Amino acid sequence: NAGVMQNPRHLVRRRGQEARLRCSPMKGHSHVYWYRQLPEEGLKFMVYLQKENIIDESGMPKERFSAEFPKEGPSILRIQQVVRGDSAAYFCASSMGENTEAFFGQGTRLTVV
Amino acid sequence: DQQVKQNSPSLSVQERRISILNCDYTNSMFDYFLWYKKYPAEGPTFLISISSIKDKNEDGRFTVFLNKSAKHLSLHIVPSQPGDSAVYFCAAASRGNAGNMLTFGGGTRLMVKP
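First to last, the sequence lines map onto chains A and B. For the first sequence, the working numbering begins at 1 and goes up steadily by one. For the second sequence, the working numbering begins at 1 and goes up steadily by one.
It is worth saying that the hints were derived from the structure and are not from the lab. Worth double-checking, as some hints may not be accurate.
Stated by the list, open to error - Derived Cβ-Cβ restraints for the label pairs, each shown as a range:
1. A:K71 to B:K68: 35 to 45 Å
2. B:Q3 to A:E98: 15 to 25 Å
3. B:R109 to A:M5: 20 to 30 Å
4. A:G28 to B:I53: 22 to 32 Å
5. B:R16 to A:Q81: 48 to 58 Å
Stated by the list, open to error - For lysine-lysine, the following BS3-like pairs were computed, each having C-alpha atoms within a straight-line distance of at most 30 Å:
6. B:K5 to B:K113
7. A:K44 to B:K68
8. A:K71 to A:K44
9. A:K44 to B:K54
10. B:K37 to A:K27
11. B:K56 to A:K44
12. A:K27 to A:K44
13. B:K5 to A:K44
14. B:K54 to B:K37
15. B:K5 to A:K62
16. A:K51 to B:K37
17. A:K62 to A:K51
18. B:K37 to A:K44
19. B:K71 to A:K44
As the list claims (entries may be wrong) - According to the in silico footprint, chain B covers these stretches of chain A (three or more CB under 8 Å from chain B):
20. 43-50
21. 86-99
22. 105-113
Predicted, not measured: the structure shown is a model, and the values here were computed from it. Idealized CB from N, CA, C, for every residue including glycine.
Go ahead and model the full structure; you've got the sequences and the hints to work with.
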């Protein structure tokens, strides 16, 4: 039973480019969460999605960031026109239900140059 | 406004001794608490959790204590092993509001010396 899969593991983008981060939840999990970890800080909640629905996006920056979890395929976190401050580790977690344990992927390390 | 705080950025412990990691929170709506362990370049791994209706939960070498009146929880690892060296994150959730959105502390780096 594969765990939460995130790709790519490392992503380098120039300022102004777009970054697309993918997350495939564990089998049977329909709840996906995205977190961001800035250097030397804890993880910060960004967005909570269920299939085809955004449930809570209170942690998402208002501009340039968007997330989706389509009926088929992985969840995507999209960052448009990246800036240096977007450089961070982005972690995805999935769970079977609202109040069941969430399991994390290995993260995508985004570097904006 | 940090709702979950881990005031010790690092902790060094001798092998076989007890490691005690502390965490404080401010939001009284939190009713579920978790500890995660994280190695470099990997995602957080769930260790142990506790509901606010309990004050202690034990799993092998790991025990979590919750003091609701003080809004404080701690993770005890005994005996500590070199393989326990990692960053430990405390996290909290308000499950009464549904969802698994976690608020994390800043982490404590534990170093267990042989």
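To see whether the hints hold, each was checked on the structure:
1. A:K71 to B:K68: 35 to 45 Å: This hint holds: roughly 41 Å between Cβ atoms.
2. B:Q3 to A:E98: 15 to 25 Å: holds, 20 Å
3. B:R109 to A:M5: 20 to 30 Å: holds, 27 Å
4. A:G28 to B:I53: 22 to 32 Å: About 28 Å separates the Cβ atoms of G28 (chain A) and I53 (chain B), which means 22 to 32 Å holds.
5. B:R16 to A:Q81: 48 to 58 Å: The hint (48 to 58 Å, Cβ to Cβ) holds, given that R16 (chain B) and Q81 (chain A) are roughly 52 Å apart.
6. B:K5 to B:K113: holds, 25 Å
7. A:K44 to B:K68: Between K44 (chain A) and K68 (chain B) the Cα gap is close to 23 Å, so the pair holds against 30 Å.
8. A:K71 to A:K44: Holds, because 26 Å separates the two Cα atoms, which is no more than 30 Å.
9. A:K44 to B:K54: holds, 26 Å
10. B:K37 to A:K27: The given pair, whose Cα atoms are some 23 Å apart, holds under the 30 Å limit.
11. B:K56 to A:K44: Roughly 26 Å separates the two Cα atoms, so the pair holds.
12. A:K27 to A:K44: Judged against 30 Å, a Cα distance of about 25 Å means the pair holds.
13. B:K5 to A:K44: holds, 13 Å
14. B:K54 to B:K37: With Cα atoms ~22 Å apart, K54 (chain B) and K37 (chain B) stay inside 30 Å; holds.
15. B:K5 to A:K62: holds, 26 Å
16. A:K51 to B:K37: holds, 28 Å
17. A:K62 to A:K51: With a Cα-Cα distance of about 22 Å, the restraint between K62 (chain A) and K51 (chain A) holds, given a limit of 30 Å.
18. B:K37 to A:K44: holds, 16 Å
19. B:K71 to A:K44: Answer holds: K71 (chain B) to K44 (chain A) is near 20 Å, not above 30 Å.
20. 43-50: Our answer is that it holds, as 4 residues pass the Cβ test (under 8 Å) against chain B, meeting three.
21. 86-99: holds (count 5)
22. 105-113: With 4 residues in contact (Cβ-Cβ under 8 Å with chain B), the coverage given for the stretch 105-113 of chain A holds.
Of the numbered hints stated above, none is contradicted by the structure.
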